[in-house]
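Student: The lines below spell out each chain.
Protein chains: 2
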Amino acid sequence: VPEEEERDASNPYANDPKRHPALKPSSSTPFNAEPPLQLLPDNFLTPNDLFFVRNHLPVPDVDPKTYKLEVGIDGASRTKSLNLSELKNRFQKKSVASIVQCAGNRRSEMVKIKPVKGLNWGAAAISNAEWSGVCLDDLLKYSGIDIDYVDCDHIIFDGLDQDPTGSKYGASIPIELARRLKRDIIIAYEMNGEDIPRDHGYPVRVILPGIVGARQVKWLHKILLSKKESDCHWQQKDYKGFHASIDWHNVDFSTVPAIQELPVNSAICEPVNGTSLEEGANEVTVKGYAWSGGGRGIVRVDVTTDGGKTWHSAELKQPDQPLYKTYAWTLWETTIPLPADTRDVEIRCKAVDSSYNVQPDNVDGIWNLRGVLSNAWFK
Amino acid sequence: VPEEEERDASNPYANDPKRHPALKPSSSTPFNAEPPLQLLPDNFLTPNDLFFVRNHLPVPDVDPKTYKLEVGIDGASRTKSLNLSELKNRFQKKSVASIVQCAGNRRSEMVKIKPVKGLNWGAAAISNAEWSGVCLDDLLKYSGIDIDYVDCDHIIFDGLDQDPTGSKYGASIPIELARRLKRDIIIAYEMNGEDIPRDHGYPVRVILPGIVGARQVKWLHKILLSKKESDCHWQQKDYKGFHASIDWHNVDFSTVPAIQELPVNSAICEPVNGTSLEEGANEVTVKGYAWSGGGRGIVRVDVTTDGGKTWHSAELKQPDQPLYKTYAWTLWETTIPLPADTRDVEIRCKAVDSSYNVQPDNVDGIWNLRGVLSNAWFK
Ligand SMILES: [Mo]
Ligand SMILES: [Mo]
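These protein sequences, in sequence, are chains A and B.
In the numbering used here, each residue carries its 1-based index in the first sequence increased by 4.
In the numbering used here, each residue carries its 1-based index in the second sequence increased by 4.
Worth flagging that the hints you see were computed from the coordinates, not collected in a lab.
Be aware that a few hints might be false.
Identical chains blur together in the list; that is why a pair holds if it fits in one copy or across any two.
Okay, derived cross-link-like pairs now, DSSO-like style, lysine-lysine, Cα gap no bigger than 30 Å in a straight line [claimed, not checked]:
no.: 1; residue 1: Lys186; residue 2: Lys232
no.: 2; residue 1: Lys313; residue 2: Lys121
no.: 3; residue 1: Lys383; residue 2: Lys291
no.: 4; residue 1: Lys97; residue 2: Lys172
no.: 5; residue 1: Lys186; residue 2: Lys145
no.: 6; residue 1: Lys84; residue 2: Lys72
no.: 7; residue 1: Lys226; residue 2: Lys329
no.: 8; residue 1: Lys232; residue 2: Lys321
no.: 9; residue 1: Lys186; residue 2: Lys72
no.: 10; residue 1: Lys321; residue 2: Lys231
no.: 11; residue 1: Lys28; residue 2: Lys321
no.: 12; residue 1: Lys97; residue 2: Lys186
no.: 13; residue 1: Lys118; residue 2: Lys84
no.: 14; residue 1: Lys145; residue 2: Lys313
no.: 15; residue 1: Lys241; residue 2: Lys313
no.: 16; residue 1: Lys116; residue 2: Lys231
no.: 17; residue 1: Lys241; residue 2: Lys321
These numbers come from a predicted model, not from an experiment.
Required output: the full structure, derived from the provided sequences and hints.
Tutor: Right under this line is the structure:
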């Protein structure tokens, strides 16, 4: 037996899927990777093979013939169990265009201030897809549960991904948020009209529009309504936001709530940093994305080439979604004058959401030990 | 007839109510005034006579015996009309603790950068009260309207306040927001357990938790479900947010949506600016408020006495409201060390809401021609 295969046999990542060569890994085991930033504005719906990948553990290899999804209430004995064909055939199919964004998107900008613990993500740990599947509301009703009246405080989602010790990925959201999102939460079995690829949760993942990627559990096998939050590491001891004077010696993860809805964010995708503009050019076309959590739409993206002395409003390519239920991203574009001396231009952007929340000016004020929620003005 | 009374006869403000002498007017006709900032943290519910006053027009003198509230659908002939005793007796009474904040709160900090058009508010154009009255949802049902299915896009609220030409105050909210708020919108006839004072809308105003004060129409006399927004000046040509390069020559009010939900904000109420600290003091107790729109609770208030080198988490006095339906403010307090050389200490605070939205670092990036949405780090 060649050495290579011997190593593979003991490597829990040996059975991970093949990936598109354009994806730039920030980690290979588990596999985490983002597409080239400049490709993002090319498609309102990111192609499946270019969608950023965020795995916490090895990718499970789920047999669609034996797959089951369990739905129940914590402590109650009765549990519904549905196979894949029941999910596809017993319920009306519903679609929602929604981004998934990692809490660590743009972490690499935070690292420049002071080191943090986490993958060194650029600004492309975000992608947008149309997800299709069953309304969580329909699935719960079918399981005898009325989301508006059930006496529970959290909905726990458990995944099939696990580490060699058997420790599994899971997450939860407060029932308040589930009630607000109601029919917009999708138990998805399709991504952009195809089976969900293995890296994105085949055969089934939960889509929670407006909420951080970490709760949108992939390889979903259990939905549990509970009085308690998920006790998973990533719910309890990670994905929370602290101020810059909290470090690994004094952090107490119980003092702040788990990140759920994300704040407003935006980035310039084109031109990428370091691009040489044409000699004598007196204007530049700038493209990017903007998005906010909680269904808040984007009302403005401001762009400057002169350090904020003059701002220009970008043209917004609005998704066809209501202003307070905007789950997809807003791509934007603008062609603006370059300052006379154009040898070194720094282009910046900042977005405003429908609650008129803005991005902070600098990274310094939002630096945190886990490098999450990095949403300062992009430059 | 003495000159004084002659002037009064032609003065539409002559019949305005008497006000508490502690209120500091930013304008006397119409009357606009805020309480002393340092009094705000004394009470979770601001006493009625110290509640900040924001009037756009003279205060109407409404006779409770003849008062009527009309409810209808734009274009439909049938309208419900209810008198005050019907409002009080036909429906279950519901209460909600909710702040009202002027879009122009903290405008005086924006003015320091560049002049703006608007009242020179300090940081106390915000107050918190318990409002009681009828659920809008119940009132609409009683009027034969199901908010979830009615084919309308906006709810218009009209007030009885008008200028000498007969032009009236009015506002509207998107039906999407009304559906989300659902049973939390109150047609209020009580403020902190008393009749609503004249300055605050006697006998009836609408309370729209999480939404800017300007839409919470006082002296409410008509609720109209419509395909269109309110055509009132303050809905169309005011209370919108632009970037700093938009001035009165190039502004186009149709390009951005009306302010509805407000962004996260906070202020230090004590010590007030200019306070002399005790000689040799090595710590200081700081008190303030924090609040965010859209029902988003406050998860953190960070305070610094050394220009942001060291941040301290304030103790939050949380209202008894769910994290994603927090309509009241969060008062906070912390006792923190003073730098060794304490001759001139600048204390700053910044708050984070449950969507992890933050306040911007500086006023410069959020400056706008109307001086609204002033929510930079407080100092
Ligand atoms: Mo993430
Ligand atoms: Mo206002």
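Student: Hint by hint, where does the structure go against what was stated? Just the numbers, ascending.
Tutor: Hints 13, 14 and 16 are the ones this structure does not satisfy, whereas the remaining hints hold.
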